[in-house]
Amino acid sequence: MDELISSLVRGLGLGGLYALLGVSFVIIFRATGVINFATPALMILGAFFTGAFGNAVGLPFWLSVLLGMAIMAIIGMIIERVALRPMVGRPAFSAATVTVGIFIILLIISGRLIGSELLTVNDPFGLDTVIVFGATIFTVDIARFIVALVAIGIVGLFLARSRTGLAMRATALDQETSLAQGINVGRMFGLSWGIAAAMAALAGALLTAGSSGIETTVALVALKALPVIILGGLDSIKGSVVAGIIIGIAESITRTYQPIYAPWLGANFDVIVPYIIMIIVLMVRPYGLFGTREVVRV
Amino acid sequence: MLAVENLEVVYEDVILVLKGVSLQAPQGSIVALLGPNGAGKTTVLRAITGLLDVHRGRITKGRVTLNGTELNSLSAPQIVSAGVGQVMEGRRIFREFTVEENLRAGGYTASRQQISEGLERSYERFPVLAERRKQVAGYLSGGEQQMLAIGRALMAQPSYLLLDEPSLGVAPKIVQQLRDLIVQINEAGTSVLLVEQNAAMALSVATHGYVLETGRIVMDKPAAQLREDDDVREFYLGLHGNERGSLRDVKQYRRRKRWLS
Chain D
1 MDELISSLVR GLGLGGLYAL LGVSFVIIFR ATGVINFATP ALMILGAFFT GAFGNAVGLP
61 FWLSVLLGMA IMAIIGMIIE RVALRPMVGR PAFSAATVTV GIFIILLIIS GRLIGSELLT
121 VNDPFGLDTV IVFGATIFTV DIARFIVALV AIGIVGLFLA RSRTGLAMRA TALDQETSLA
181 QGINVGRMFG LSWGIAAAMA ALAGALLTAG SSGIETTVAL VALKALPVII LGGLDSIKGS
241 VVAGIIIGIA ESITRTYQPI YAPWLGANFD VIVPYIIMII VLMVRPYGLF GTREVVRV
Chain F
299 MLAVENLEVV YEDVILVLKG VSLQAPQGSI VALLGPNGAG KTTVLRAITG LLDVHRGRIT
359 KGRVTLNGTE LNSLSAPQIV SAGVGQVMEG RRIFREFTVE ENLRAGGYTA SRQQISEGLE
419 RSYERFPVLA ERRKQVAGYL SGGEQQMLAI GRALMAQPSY LLLDEPSLGV APKIVQQLRD
479 LIVQINEAGT SVLLVEQNAA MALSVATHGY VLETGRIVMD KPAAQLREDD DVREFYLGLH
539 GNERGSLRDV KQYRRRKRWL S
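Order-wise, the sequence lines are chains D and F.
1 is the number of the first residue of the first sequence in the numbering used here; add one for each residue after it.
299 is the number of the first residue of the second sequence in the numbering used here; add one for each residue after it.
Just so you know, these hints were derived from the structure itself, not from any lab.
Some hints here could point you the wrong way.
Unchecked claim - Rough simulated footprint, nothing fancy, chain D against chain F, three-plus residues with beta-carbon under 8 Å:
{"hint": "1", "region": "392-401"}
{"hint": "2", "region": "431-437"}
Claimed, not checked - Here are the in silico distance ranges between beta carbons for each label pair:
{"hint": "3", "chain 1": "D", "residue 1": "Ile78", "chain 2": "F", "residue 2": "Arg354", "range": "22 to 32 Å"}
{"hint": "4", "chain 1": "D", "residue 1": "Gly89", "chain 2": "F", "residue 2": "Pro425", "range": "34 to 44 Å"}
{"hint": "5", "chain 1": "D", "residue 1": "Gly89", "chain 2": "F", "residue 2": "Gly318", "range": "51 to 61 Å"}
{"hint": "6", "chain 1": "F", "residue 1": "Asn370", "chain 2": "D", "residue 2": "Ile108", "range": "35 to 45 Å"}
{"hint": "7", "chain 1": "F", "residue 1": "Arg410", "chain 2": "D", "residue 2": "Gly89", "range": "29 to 39 Å"}
{"hint": "8", "chain 1": "F", "residue 1": "Val516", "chain 2": "D", "residue 2": "Gly89", "range": "50 to 60 Å"}
Here a beta-carbon is modelled for each residue, glycine too, at the ideal position from N, C-alpha and C.
Chain F extracted, bound-state conformation (with noise of 0.2 Å):
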């Protein structure tokens, strides 16, 4: 099990991003983390994998657990070693690099044995990789770039995969695949915290599900409630009951209305 107990962040000493978040993705599900721009998503990851000081961030309050073992005072690669992989959000590809390098640079805690079997695994998961093993990665096709960044993280085989918003400038199309692929990959035995924007996609895989806002957990419940919830179906899903209404009257409705009011 991950655990994020009761986080507080903080960055360049004075700006609180997150006020005491808590969740946790137990062990072989998929759990979604939704929120609107600056509600603190990336912040959750980025302390969780010990990206913190790369942007000046600090965690002041609260603990990151993975299997009852805190991950705080650990360093990036220390938990990687751990078993916790991410995607960072925009992919994060090596562009210079050959999608080959991309992996194996993946692979970089692994053995060389991982390393060999990891790359089988991906060019066998994404033969369009497989394809253009030796092209410079900075010319694929943004969801090529995607899958790469994916497969590149599960080089090092972990446990836990964090995915930060991998449907965020892909077409239509491909986020179906990515969709199909966050399943497989969950079948396969790695856990997922899927922090998305796009709350129809990110709930139609989800075991779970935490709605953050400006810093705090307005929502827990499992994502076939999620799914079904007034206010989620409106503000992340786009659905106001099944008439269209006035875009007028959602801008004054917004403004009225609070979460958990």
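Chain D on its own, in the form it takes in the complex (with noise of 0.2 Å):
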């Protein structure tokens, strides 16, 4: 029982982290119709400046993850505008294999930024754990998950509320009949590239707090966003938390129970969890959980 519970909530952290990801593309997703590839290098990118604010400049942990999320907003704006911007109008392919591009250019300045030591975001959690129910629980787990929901939750309420919210929707559904009502449509795009850096900054923050390091190999880690939007549905918010959270699970619980239960998978099977899911969910529902029922090409 007291695995169950650690687990879960091991999962919910996770989950959490996978959701922010999830969001992270489905945000640039449905505004362009582009996967963004270079994500996981944004995500680095995003822990990098708020670990730098951390240790170098000494600030706070919260405020250097919200200095680390601006940063990386202007960042994905200035690579919109410059890479991007003149790609509108073509194959959604071809954009994509502009992310790709970005993604290696990203990940190689990051791995210089970083450099050889050892660097933390800096954060207050560490190992620190709390026991619920007799399970040892880690703190980390828990900001992760609530940071991450609060987090999703304002973005959400952005989008459904506000005016440049509904711009940017309408901007999704019809770009030639947003600009006839007024709406930049380019400037749409920029702030979703701001708002996906953004969270995809923020999710590189909460990735590394608790006991890893910044290094760029953890840049796989956001790749298991892939199977949380296909299962979630490439272009639903609320697909991607829901995906986020059952991925983060599995993950989770996998890694608890199959050393015991299924020991001739081998090791390390977890990892491998979520991407058993996105092949299973791409054979008996292409289009997710949330998705609208159409079929697109990635």
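Bring the two chains, given one by one in their own frames, into a single complex with the hints.
Here is the structure:
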């Protein structure tokens, strides 16, 4: 029982991270129809800036997280303006390929920035634990889950209620008609990149909080957002949250119980569970749980 | 005055669609632009509203002016802010949005106060929309969608409203309503440029009419004269004098007949 509770909470923490990354993908996909493969690098870069503000400048953790998100939002908008705006009107595949290039560039830049020293985001959690119902729980997991939900909630409210959010959703539906209403479509693209990059940065800061340091290899974690958006539906924020939690818990439960009940599957089987789920979803329900029921080629 | 002068538009750098079109819509008027499929009517509207680049089109000659200021170099959102609103062909409402969200999207350039006034005015003008304000717009009937599209365009309080085929695909009874609506909008102080294939409807409200064929203006007369014009009566109003002729005769006749010949 203790084990179950701890792995559920760890799953929720992971799920919060995956949901953030999923939302980052979904926001760009909805606005521009492009899958942004640069997300993992944006995440690492965001973690780096958060760490830099925390360590070098000595700011408190949450302030440095906010600053890291702000910087990444600006970088995201610059990337959109420079590299992706010229691709508007071209096939989504070409634009997605551009994002792969950006991924590689940003990954190398962040590798240089981080250097060989071990950098942490200077978070207050470390390996602190609390005991709930006799189970040991890492506080960082609780923080991850709550902060992710709050951040996604704010973005959701912004999209649903504000005038700019309405304009962003309109742009996602029909660009030409949005232009005819006086909506500056290019600015909406930039804004969606800004929000997506800030979400990725937050995910990076939360991911590297706890024990691990900031390394470029952590970027691979962000790829788990792909199973999340496939399961949740490419164009659904709600889907990202639900799917993020499902995948986080599935991974965490597998990590706890698979070595006991199915040791013949080998070590680290939990790492591939999200991808197995992705393949199954693609076979039975390719538009995901909440996605629009039409085939979108990626 | 909204004026188009010697406009030449090219799509994809090779397809010449407008070959020197000039037309004028004075303040307070309703101007009709008639013409068959593919004549370039929608292209004229795109050129005015800055939507050509979306379709890989370009103005190669001529200019569009609003009260003397040139609009060619402005972007579509800037042109909306300058006071030119439009209802695109096929209504193009945001189907997944509610009625109210559609209207609010139309008021993107307006101030907060203008939006709440605009919503009130729209619901007053279209009681159907008021009933369905929280419904998804895609489930409205064709006529209701057309009213929503017009209401949405009016949210920005344009001084000029461009309507592209509002009668397309709506019931004859609704066409009558739309006609009355256009008169109402005009009386409320908005000048209208009406692009139509339904010439009978357009000429019954317009003060002036232009006929566009294969990228050229072939007729430019007050609407009353166009209504009496023999060629317009035959080709656009479907009337052949007083007697009904055989369709075969019509075909042969049309083949020989040219405008302005």
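Each hint tested on the structure:
no., hint, in the structure
1, 392-401, "holds (count 5)"
2, 431-437, "violated (count 0)"
3, D/Ile78 x F/Arg354: 22 to 32 Å, "27 Å, holds"
4, D/Gly89 x F/Pro425: 34 to 44 Å, "40 Å, holds"
5, D/Gly89 x F/Gly318: 51 to 61 Å, "28 Å, violated"
6, F/Asn370 x D/Ile108: 35 to 45 Å, "44 Å, holds"
7, F/Arg410 x D/Gly89: 29 to 39 Å, "33 Å, holds"
8, F/Val516 x D/Gly89: 50 to 60 Å, "34 Å, violated"
Hints 2, 5, 8 from the earlier list are contradicted by this structure; the remaining hints agree with it.
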